[in-house]
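Asker: The sequence shown begins at 5 in this note's numbering and counts up one residue at a time.
Keep in mind the hints are simulated off the structure, nothing from the lab. As the structure is a prediction and not an experimental result, all values here were calculated from the model. Virtual Cβ for every residue (Gly too), placed ideally from N, Cα, C. Possibly wrong hints are sitting among the right ones.
As the list claims (entries may be wrong) - With a Cα cut of at most 27 Å, we get these calculated DSSO-like pairs of lysine-lysine:
(1) K48 x K76
(2) K76 x K99
(3) K94 x K76
(4) K97 x K76
What the hints assert, rightly or not - Simulated restraints on C-beta separations:
(5) A47 x I95: 22 to 28 Å
(6) F56 x L111: 21 to 27 Å
(7) T68 x D92: 24 to 30 Å
(8) S69 x Q15: 24 to 30 Å
(9) N62 x R29: 35 to 41 Å
(10) D72 x H24: 37 to 43 Å
(11) K97 x V34: 37 to 43 Å
(12) D92 x Y36: 30 to 36 Å
(13) P16 x A54: 37 to 43 Å
(14) D92 x Q15: 36 to 42 Å
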Amino acid sequence: TYGVENGALLQPVLVRLDPHVAAARKRAAVYYDEQRPHFEAAAKRFHLHAHFVETAANFSGRDTSYYDLVEKRLRAMVTLLRTQGRDDFKIEKDKCAMYSFFGRNSLPHPRLLGVWRSVDASVEALRSMAN
5 TYGVENGALL
15 QPVLVRLDPH
25 VAAARKRAAV
35 YYDEQRPHFE
45 AAAKRFHLHA
55 HFVETAANFS
65 GRDTSYYDLV
75 EKRLRAMVTL
85 LRTQGRDDFK
95 IEKDKCAMYS
105 FFGRNSLPHP
115 RLLGVWRSVD
125 ASVEALRSMA
135 N
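Taking the hints into account, I'd like the entire structure generated from these sequences.
Answerer: Laid out in structure tokens, this is it:
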């Protein structure tokens, strides 16, 4: 449905029917051609994060689905945690760590009621809020 919603599947038809769509596609093609050398130069200087390097190292031709990629990425995170002590995945996977990082770095985020690291503390906080 995403392709239909954003018009991607309708592009071949719309280009023939709507001159604005045709003009927009031409402008996009020119912009792409202008920007491609800049992108390629930047890609040569770019250092890929270790989690993705490790993910790519364990990828094979049999890994064809989104879920295969997610599994490989999670396995890479575990490998780096065990072999290098890297726990920087927490910024993505642990929302408490993420919001703590946001707060320490003065990044905007919603006001939090609290951070609880155990079930007992969570239950107690919920009970006290209910009263």
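Asker: State for each hint whether it applies.
Answerer: Now the hints, each set against the structure:
1. Simply put, K48 and K76 have alpha-carbon atoms about 25 Å apart, close enough for the 27 Å limit, and the pair holds.
2. For the given pair, K76 sits about 21 Å from K99 by alpha-carbon distance, which is consistent with the 27 Å threshold.
3. As the CA atoms of K94 and K76 are separated by approximately 17 Å, the hinted pair is consistent with the 27 Å bound.
4. For the hint linking K97 to K76, the alpha-carbon distance of about 15 Å falls within 27 Å, and the restraint holds.
5. As the Cβ distance of A47 to I95 is approximately 24 Å, the hint placing it in 22 to 28 Å holds.
6. Between F56 and L111 the Cβ separation comes to about 23 Å, which falls inside the hinted range of 21 to 27 Å.
7. Under the hint 24 to 30 Å, the C-beta atoms of T68 and D92, about 28 Å apart, fit the expected range.
8. For the hinted restraint 24 to 30 Å between S69 and Q15, the CB-CB distance of approximately 26 Å keeps it satisfied.
9. Checked against the given bound of 35 to 41 Å, the beta carbons of N62 and R29, roughly 38 Å apart, stay inside it.
10. In this structure the hint that D72 and H24 lie 37 to 43 Å apart at CB holds, the actual value being about 40 Å.
11. Restraint check, K97 to V34: a C-beta distance of roughly 41 Å satisfies the suggested window 37 to 43 Å.
12. In this structure, D92 and Y36 meet the distance hint of 30 to 36 Å, their C-beta atoms being roughly 33 Å apart.
13. For P16 and A54, the hinted distance range of 37 to 43 Å is satisfied, since their beta carbons lie about 41 Å from each other.
14. For D92 and Q15, the Cβ-Cβ distance of about 39 Å falls inside the hinted range of 36 to 42 Å, so the restraint holds.
Hint compliance for this structure: every hint is met.
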